Amino acid sequence: MTAKTQARDMALVGRRRWLPLARSHGSASWHRVRYPLTRRTPLLFETRYNPFTLATERRLVTVRPIAWVLMLALLAVAPPLLGNNSFVGAATLFEMYAAINIVWMLQIGTAGIFSLASLATVGFAAYGSAALSIYAGFPWWAMWLVGPAFGLVFGVLIAIPATRLEGFYYALLTVGIAELCRVYTVQSQPLGAANGGLFGTDGFVPDSMSERHGIILGFYAAFVLLLGALVLYRMINGQRLGRLLRAAPEQHEAFAEALGINYRAARIQVFLISSAALGGIGGFYATLLHGATPALFTMDQLLLLLAMIVIGGIGTAEGAVLGTLIVVLLDKVFISLGPSRLIFIAAVMLGTVLFLRGGLFGIPAQYQAWRGKRQSERRAAQSDKGGEIMPEEATEIADKQAIYTKRFDANLRAELKRLISDQLIEEHRTTMGKRRSDALERVLAHFRSAAVADKYAVLAVKPFAEYRIIALSGRRGVPPRVVDDRLFATPEEALHGVFLKRVQDLMDS
Amino acid sequence: MDPYYLVLTTVTLASIYGLLALGISIIWSSLGMINMAQGFTFAVSGYGAWLVAQNISQSGIAVIAAGVLTGALSGALIGAIAFIPLYDKPNFPLRSLIATLAISLCGGQFLLWIFGPRVKALPKIFGYGSYHIGTAVISREKIGSIVCSVALLLITLAWSKNSRRGLEIRAMMQNPEGAALVGVGLRSTAMSVMMVTGAMAGLAAVLLSQNYFVSPFAGATPLVKGMVVALAGGLGSVSGALIAAVLIGFIEAVTAVGLGGQYVLITQFLFIIAVLLIRPRGIGGMIEHSRE
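As they're listed, the protein sequences go chains A and B. For the first sequence, position 353 matches number 353 in the working numbering, and the numbering has no gaps at all. Add 1000 to the 1-based position in the second sequence for the working numbering, that's all there is to it.
Only chain B is shown next, with the shape it has when bound in the complex (with noise of 0.2 Å):
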């Protein structure tokens, strides 16, 4: 087993997940809400950066833009849905979660219905060739959507760290209610969250459509490896989604070389079953009532 491709893929799985778990974990740790939807947010900036790219621009600055803007778009229109009528209705966490998961039938229909089955390619933004890392041989897309994801991640951790509407979105998550009473607007922050964590899929979606093709349904793995990474790291933990990111990329990485592909799925889920047996919460999950 090769140390250097180990490494190379688990940061490279790593990155995509994180992108992936971060968003559903904020949203749920923030709004209260699964975000079943961002299956849905993924598959539609997937076809909104295939739309640039087939009448505007193939640039990848371009495509890119396009597919975090179509991003930030959905997600704002699941969280004018799902999110803004709901929220101080009972049985919120439930309606919301069924509201996301008809959002995300209905959007997949949608999409198939406007753009057929057949599937699509994005260009190949980050252009082809490859170096060469001690034995390893590492590709420029492979490079460019782990600069791009990184980028992401830590431009998004340094807004929430140190801009006014990160400081909102961290008092709602620590205190909903406390939040309200000192004059943090609910519905605003909440849109502002739904765009961001909207911008991370659509980028997401992005940089692995360089390898998948986009599709109606392309957002229902990306959603349950999300998701599941998020449910090891801790709904609601940052630091928690993105050790569970480079755990559960690092054991898909060595599946894959020792046992091989078709047991990926299965030795991730022992991981994760075992993790929540050890930490029902997750790897640095919060306790219930500190949300509530």
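The following block holds chain A by itself, in its conformation from the complex (with noise of 0.2 Å):
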């Protein structure tokens, strides 16, 4: 192993990191692909210095936009090219529910009103536009206009209360309100209580189209819906209100508002706009399944809904995605199970909220909190480390070298500590003067070699009479202090005395 290797293998100790490393010329560290008027950077490269080799590394902060992009780039291929109606069929329905959950993130996260009407105002989109298209003849184009709007008015509806009620309340109101339109559209004739929903509306397939090529069209019309929805999440968390809202998190809100920061008006515009956003949503599912059933209202819906962003992780686009991609995913699979796969998903959800701390993008840090627990636990069971500096301090420390002096003298003492016995000091004291053996030899030698700061040193108070030990202070001008008031009548005394001192410290060490 040569040094260099070595040297970068001790770094690597404790905190390992996988992200590649690209060289780079120092020239080039500021230099940044900016998109167009904006200050935003395509990726986010960090240049540093490697403390080994002195060369200039560019690193990848993050490889998240990549992720993103590579994987919508395969929902957007794969699926038509490689699956059959049915498995676009499912695909559709992913990439709907994604975009609810996505927006609906932005109510639960950014806005921090935790609204569980969120299919409710889905729903009420859709039945409203269903009811304009069948009642007064609105194209396909103008539900999707007139769903935001809908939206919009349930969500100022139900934004009214949110004003006052403060977390589980306010989720058990909406959970009541959802039950309330459910009620409301079983039982309303005009909504198509008859027929178990109102169906018949425009959709913006045409009539023209195979039915291959429709599923395909509503495949990628969900797709933008998808990217639409991502955008909104991007443009509010964010930016601006994403930033407000950050500042003022709960148990803050005080702090928050001493600085200015008007989050009440924040938190209800992102609910707005996320509500006209889940109606836009409504419209679509309008279209795209011709109406609208009461099942958008029920628990076992929004129970549905929950488990996706349970398992994903409760705050972060990506583990909306990946919770929806899991729930569609085990409902898909497991269809001919019936209505009893649905206990499959709430086990999912079950363990992962008994066992995770926050959904499954939340792994890491679970796992590098109790990794990190471990370790100190490992540390503090440890009695004795032996002056020896363990590999989590040794990252914090840049002089290397440091370390390896202490491990060195680390054994070292150890070693010499195995010398030490009482006929060694018995030989100490009676061959003062004379040749010694090697063992004591060594022992004289580390203790010879001490720093001068402490050392021991024998102070003739009357010569031939009377000798004293003392420890030098190491500094120019400041005396040496008496160590204690033992008195010995002869220098060879006094030495012996400063032997056993210094054996006395090494086996304490």
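By construction, these hints were calculated from the structure, which means they are not laboratory data. Just so you know, these numbers come straight off a predicted model, no measurement behind them. Heads up, some of the hints might be wrong.
Claimed, not checked - Examples of chain A residues lying across from chain B (beta carbon under 7 Å, computed):
(1) Met299
(2) Ala346
(3) Leu356
(4) Arg357
The beta carbon of each residue, even a glycine, is placed where N, CA and C say it ideally should be.
Make the complex out of the two chains shown on their own, each in a separate frame, by following the hints.
See below:
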């Protein structure tokens, strides 16, 4: 192993970074590719100097954008090419649910309003636009336009209690509102109570298209919807409104208010925008499925959606999408089991909340916290680390030579401790000024090479009569200190006293 | 509008709603958990009572006892799954809410799987026939359900006032940490709370099943109603829940007579939203930090 690879291994102890490194040049450190007219960069690179080789290295701070682009490209290409009609249909549903969940995440995560009426908003807009299509002859594009308006109206209605209620009070109230909608749609004749839903709206797939092409068109329309939801999430969560709200997390609202952040207005704004977006998805839903059903308002459907965001992890867009993917896959894989496949989904959901703090995307953080806890437990259980530096500390020390010096000293002391015995001490007392054994010489060489600070020395109080042991200060102008009040009659006795003190210090170290 | 009829309907509804809401309210205030699986407890106790009625005895006491017992067991199960592993973990309120939701999703499907989609009818444990009170007619089952639920409510209130366990539960409602410090076992108290509230839901299931059928998802509507009544009454307040139950029962009765049955939920919700806008913690709600 060469010195270089050894040094690199040393640097990797503790916290390994698997992100790839690229060579760079100092002048390229500050070069960025930016989107036109913004300061945003497609990929965030960080340049730093390697402490060992002193070479410039560029590191990709996060691979998330690449993963998003790859996954979305896969989603856009794979299902229409490879899947049969039902698979493409399932992928379409996945895209629609993912869009709903991403927008819902804006309400729960960004705005911090724990609304469980997301699907009810979608349903309200779906029913509204479907009714306009059936009773007023609206074409499909008009349904897409009125959907957000319905969503906004519903959002305004349910935002009124949100101004006063907090957390679970609001969550429970929204569950109740969804139930109210369900009961109303089940009972209302104009909303198709007799047919189990309101059907027969205009669709965006032209009649001239073949069935396969129609399904693929629906798939791509839903894909665009998903992209739109992602862009909306980015625009709100990553920009001004999101930043304002991130400055006002739960329990810290008063502080944010003192800084001049009107967090209430920002919350309601995000809530209304996302309600309108959910309404848009509702309008799309009605045109895709040619109607709306009371199933949109049921508790089970809401639970499925909640399972999706819980499994992925509440608070991130990728969590919403991954959770949706898992639940839709489970739903479709076990479709032969009938309704009891929901037991599987519920079990996955239960396992997630019982064992994971923040869903699947919270696993790395939770694992790191767990590992850190275990490490500190192990370190605490170790009674004696022998003066060595532990690997976790080692990563924080820039001068690696110091670590090796310490390790060498620790090994040397351990070696010397083995040599100390009563015979050795006796030998030191009796052989003063004579030839000594190899072992004693080794011990003495170690003692003599100690640093001057706090080194023991002998002070002749009255020459040939009274000697004392002192400790040197190690600083010019600062007198040595007296170690104890023992007096020795001869210099040999005093030197042996110094030897005993050093042996004791060695054994104590 | 017949005042006697109005009063009788209000009392009937209020007693059932009170039973449903009180359980949710007590669990929230003592355990800090919203039990969305109360609906599952409701459905499963209906099936427990039905099984006993089919196989062992048709007598009213046996059926009620079976419902109450199944409810208590189901409550204990929910406590063991959703409270015991989670109560000292970060983000407990949200995680337990989701865990109880998962139990309710799982449980409903499980019941559907075992008992099938066909609804079951419980025997009429209070018999048939009716009495005249003033100008109104009241059936025996209504009287029976009023008497039973009021009795259970009174027993529960007396138990929580006078017994040692009730004292422990009230201590935990006021200050869980302080209660733990003076030697109240959080786990055992929590399990007894879950069992008592489960028993309440079980009784409510048997009583409501006199009018409705037992089915795997029968618990959804009572759960939502109990929840919003508890919300209007103020989560954690026993008296508030009872007042809210009476008010909401009254509104249901008035709406059903004056406007028609389909408007019941709408007027109830308008009332609840109005209450919550005026008093965000409900009629008798505790201030949040008094629980923490």
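Hint check results:
{"no.": "1", "hint": "Met299", "verdict": "holds, 5 Å"}
{"no.": "2", "hint": "Ala346", "verdict": "holds, 4 Å"}
{"no.": "3", "hint": "Leu356", "verdict": "violated, 9 Å"}
{"no.": "4", "hint": "Arg357", "verdict": "holds, 6 Å"}
When each numbered hint is compared with the structure, a violation occurs for hint 3 only.
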